[in-house]
Structure formats: structure tokens, C-alpha cells
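For the sequence shown, numbering that gives the first Met the number 0 gives the first residue as 0, with consecutive numbering after it.
Among these hints, one or two may not hold up.
Pair ranges (Cβ atoms, derived) [what the hints assert, rightly or not]:
#1 Leu-412 to Ser-447: 35 to 41 Å
#2 Arg-280 to Arg-602: 30 to 36 Å
#3 Arg-315 to Lys-150: 35 to 41 Å
#4 Asp-229 to Arg-189: 14 to 20 Å
#5 Asn-422 to Gln-623: 27 to 33 Å
#6 Pro-247 to Lys-374: 39 to 45 Å
#7 Pro-139 to Phe-427: 28 to 34 Å
#8 Ala-180 to Pro-113: 49 to 55 Å
#9 Val-358 to Asn-381: 19 to 25 Å
#10 Leu-34 to Ser-225: 20 to 26 Å
#11 Ser-225 to Arg-602: 51 to 57 Å
No wet-lab data here; the hints were simulated from the structure. If you're wondering where the values come from, they're calculated on a predicted model, not measured in any experiment. Ideal Cβ placement from N, Cα and C applies to all residues, glycine included.
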Amino acid sequence: MANNFARHLTRCHKDDPEVQQILALPQKNKLRVMLIGNLRKRGNHLMYTMNKRITPVRKTKAFDSSKYLPCKYCLGYYSQSFLSRHVSAKHSKYKVGKGHHKVEGQNILVDHLPIDKHLKRVIFPKMRPDLCSLVAKRDPLICKYAAWYLKLEQKHNLQICTFRMRELARLLMEIRKRNSAIKNLEEALRPKYFDLLIESMKGSIKKPENLYPILRRCYDLLAAASNSNDQSKARIVKYKSLFEKNWPFDRSVSCRTPSSYNVTMLTLTENLRVYNKYLLRETRRAAELLEIEKDNNFAYRLLLETVFCTMVFFNRIDIDEIQTLPYQIFNEISSEDIKPEKGGKLTEQVLSKSIKMVVAKEDNVCILLTPELEKLITILINLRSYYVSNPSNNYLFFQVGSDVSISGHDVMLKHLTRSRIPNRDVMFAPHLQETIVNLIHILHMNISDTDHLLSLMGLIIDDEDGYQIHDAFEIAKIAKILAGFEQHDDDKFLGKSLNDIEVNVEEYLLDNIYETCQKFDANIKNTSTNVNIRDTNVNIKVSNEDVKDANVNASSSTDVPKIDTNKEITKRRRMLVPWSEIQKKLAQEFFIQHIVDKKPPKRKECEQLKQQNLGVFDNKTWEQIKVYIQNVYCKKSQLLLVLPKKEDYDEQI
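With the hints as extra help, turn the sequences into a complete structure.
Okay, here's the thing in C-alpha cells:
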């Protein structure tokens, strides 16, 4: 670096026109000094773009390059605390807020990087000017993800895009604290840093489970960027599969109370059956209206939305990926049929003869289509010229009269509300996505397909009359067993018939999800109640309206199962043994301190009560004793004793 910049210009750059104009001015001239200073600042900024070296205008003893930002008007590097003072003193004609100077300075630092221009223009000016935003703007993978998210063009996507960029940046900063050798997020996603990635999530992210779809998309973007190199693409795909298999957190994106997620396999199956019937009815209605009048906006919008909802539940793909699919990939609808060896799931292998697979090569997404969906998509493509306002609109699912795609979550919520199924929020839970897709696939199976599925699962088919595919109870049971097979918990099912396997389809599917989201414990597993299926009381009845709708659907589609009105499943009632007066009195006397403190007893304490009173509590388990004590101090059961005050009781103890 030249110590005397004016002499350096005279000796080395005297032939430059701009330097000649400066040297033409007399020495110690204020204009000459100012021009030389501006030229020095521009040169220092050019050196930063080449080797990331910052040369401040005002040198200090304690120099920290992360605290310096360039001025937008002169490109001089000043500390963040002095930058606004410099602009107000030297460039007072530009009336800009104080916070904007720092934002513009950060944007100048990353202006030379190969980042999406739309992202620079729309998102970067809205980000808070701190270290977290600067890390996000400098990382290529974070910017690629933000640019991809902006293409969705959804409501409120600017705020969400900014939040996700900062979330990934906080994760990267935490990783760098633990290992300074990692420079960017792409390097942090390698399998050798997986344990470090998980530990960093626990230390920097409030809800680590929310990062699962974001990091999966980052892997897809890396794979798409390496199309020219097949080896690197295969390596990234392998990284993604390892990441998905070893992900320790719950994949749910919602942390509501467990009471709002009281859903069982049986209720979920019944809800999906009703919702599937609703979609078939609305799809047929929209198709009939379009046959009469091709430019019917209401009918086309209804058909587009119902086809979208059907495709979401039939495929193991995120809603954001389906809503941005281009219609060009469906033009050649004779795409490759899915083969049994290609299907990663058992249900896809069973349905391989009746479904097709369309591949979106740009997004590396595979879409499964039934013959009905294939016909409906053809109708949408043939009639889209009546409703597309801009020919450059390539979305298959677009907003009629607009150039943007539909809002997938809003459309799903709209039709879930119209179908009048209870607990509709559960249908959005990613934790249940695999279960929902399996149930939808089973609903599209006939009897022979179900036999094939059971044979693939290793079950013995000895009684064909023991199950019917239209029966919600048996569908739930098959789906529950199938989930166990996919989790490699198939030892207790192999070689048995469907009637010999006892599965509780009325246990909560999302139990303990609230505690999982709060504790971030990778080893917490969803607990289930040990209730024997023989002790449940299930009565499934079919109304006459359901029978009529089902018969109409069956006449138009072979994939829709028939409803058997004569089939009714009845299970024995749960036998409740009442508490005797002696049992109540002994239990209350033993746990009087727990009743005063309103504290539930533990298992060892309940077993100690049973040992001290042999033969009295033989018909009670420790869980029943615990619940009884809870009911006593919650005033749900009668209190037989006179409780002392808590202060007096503590003094006696």
C-alpha cells in the first residue's frame, strides 16, 4: 500500500485522464485534496471486492472489520457508530434516515457477489443492518434459498423470506462458533458435520423441527446447481437421504397443545374418506359445468383447486412444490409409468399398474397421477387459454386473472372447511403426511390390490371375508400395520393373518408433540396408551346419503370403493369396576399429603399402597390409583376425609 497516495498517482498513473485533471489543480487546493481522497476511497473499495480487505478512513487502535461499513456516496469505510455522522456532515444534501445508511452500506458490501438481482432489490433493503443479516447476505446457499422462495409469490412472503434467511444465518453463526473451519452453509450440510449441525440447532434455534423442510430444499438447490456434474449431484442426493434418515427432531411445524391434536387412526381415516368423497363430488360438478360453458370462471377455479387438493394428498411432496409446478411437464402425459421396483413405498408398488409418474427435472420432483387426475389435468391445460391473462404464466395451478400461483395453504383450508370434517388443522401436520398418503392410497385400492398389499407385508390371507376395503376400521388397521413395517417394526406381524393382529386404532397419533417441541429432545418418542382393541367400543354406521354419493362415484370411477351398508363393527364395552368405600378411604388416607399439595402420586408410591393393603387393591392398577387421587383433589370425586390446612399439616410433619 502506498504511504503517499498523491505521489503514487504522479509516478504510476499520470497518463490516466482523471488523474491528469486532479494533477492540473495546484497543490494544497481543497478541491484537489477532496478528489484525491475520493479516489483513494474508491480504490480501497475495489481492493475489498478483490481480497475482502477493509481499509478504514479513520484508523483506530482496536480494529474490527465486522463493525465497518462503506458510505454509499463516497465508498469510504467508517465504523457503524460514525457512519451516520459522516453522511450528515459531508453529504447533507441527501436526506435519508439514520438506519438506511447502515442498510445501504451492507448492500454495497455484497453488491459484487453473484446474487439474484430481484433478491437484492426487494429483500436486502428490508433486512435489519446487523451481523446476522450480513452473514445471510454473504452466504451463497442462503441467498439461493431466498431467491427460490421469492418465486412462490405468495402473500406475506417478504417477511417470511427475511425471517428464514436470518434463521439460517443464526444457525451458520452458531456452527462457526463451534468450528471456525466451516465457511458457509453448503459445507456445514456435509454428513461429517451432522452432529455439529444438530447441536448448533439446539443452541441457536427455538424450534429446530421447523428447519427440516428448509434444509431439504437447500439440498435440492445444491443438486439442481450441479446438473453438469453427475458425480457431485449423486453425492448431494446421498447427503440428502442420510440427512432425512438421521433427522432427530419431530417434523411437525406446529406446537399447539395436545388437546387440539386428539386424532386417532380411525377418526383420521373417516375424515379422509369424507374429504375424498367431497373432492370427487366437486370435481365432477366442475367438469360438468365446463362441458356446458368453457369460459365459466367459477367452474374452472373449482376444478383447479380440487385437482390441486387431490394431488397434494396423493403425493409425498410439499404443498409449495406442487403449487409451483409448470404445466409443460404434463403436456406429454404419456410419461414413464411407475414400475414396481421404482416405488419406494409398498402402496406405490401395489398401485404401479394403475398410476403414472411425471418427473419435473428442474425441481427434481416426481408426481404420481391416477387415470382420473390425468384426465382432469388434460382438461385444465386445454382450457387454460380462456383464463390466462399473461402468456408467460407457466403455472399449472394459477390464480384466475393473475400471473401468480395459487396459495396452497389457503386453498386447502378453504376446501377442508367446506367438507365439514372435524379437526381440520391436523390435515396440515407434516408429522402425519406419510400416514395420510398411505390412507389415500389404500382408499384407491380394490380388493385384489389389498390382497397384494397384505402379501407384500408378509401377512397371511386366510379369510377374505374378514375385511373389506371400504370399511374405515379395517383401512385404519391396515394403515397402522403398514406404518409399523415402514419403521422396521415388522417382527411381530410376519406370518400372521389380519384378524390375528391386535392394533389400537383409537390411540392418539400425535401424543406428546407439545413436550417434544418445548424440550427439543431428540430421544423423546410419542407415547401411546396401552388399550386393548377388544376393550374399545366402535360402531361405524353409514347413512343413506353416503350410500347414494358412493354409488354415484362408483359408477363414474373404478377407483372409488363401494360402501357396504350391512357391515357393522361392534366391540365389547370396557368393563369399569367401581371403587369400594374401603378402597377410597385407604387411598385417601395414604395420599393425604398429595391431596393437600395437589400432587399426583408416582408409580412406586401406588405400588407401596397395594403392598401395605394386600388383597384390597387387586382389581386396580397403579394408573387407576393415580387418576383417582387426581380426581379427588380436582373435585371430580368425593372427598371422604376432612383435610387440614396446608400450614397446619406442614407443622405436624
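So the hint says 39 to 45 Å: do the beta-carbon atoms of Pro-247 and Lys-374 match that? holds, 43 Å
Hint says 14 to 20 Å; check whether the CB-CB distance for Asp-229 and Arg-189 agrees. Hint holds: Cβ distance 19 Å, inside 14 to 20 Å.
With respect to the beta-carbon atoms only, verify the hint that Ala-180 and Pro-113 lie 49 to 55 Å apart. Given about 24 Å between the Cβ atoms, the range is violated.
If I claimed the Cβ atoms of Leu-34 and Ser-225 lie 20 to 26 Å apart, would that claim hold in this structure? For Ser-225 against Leu-34, whose Cβ atoms are near 47 Å apart, the range 20 to 26 Å is violated.
Check the following: the C-beta atoms of Ser-225 and Arg-602 are separated by a distance inside 51 to 57 Å. 55 Å Cβ-Cβ, so the 51 to 57 Å window holds.
Return holds or violated for the Cβ distance of Arg-280 and Arg-602 against the range 30 to 36 Å. violated, 51 Å
Do Pro-139 and Phe-427 keep their Cβ atoms within the hinted range of 28 to 34 Å? holds, 32 Å
Is the distance from the Cβ of Leu-412 to the Cβ of Ser-447 consistent with 35 to 41 Å? holds, 36 Å
Outcome of range test on Cβ distance (Asn-422, Gln-623; 27 to 33 Å): This hint holds: roughly 28 Å between Cβ atoms.
Does the Cβ-Cβ separation between Val-358 and Asn-381 fall within 19 to 25 Å? holds, 22 Å
Does 35 to 41 Å hold as the CB distance between Arg-315 and Lys-150, or does it fail? violated, 22 Å
The structure shown violates the earlier hints numbered 2, 3, 8 and 10.
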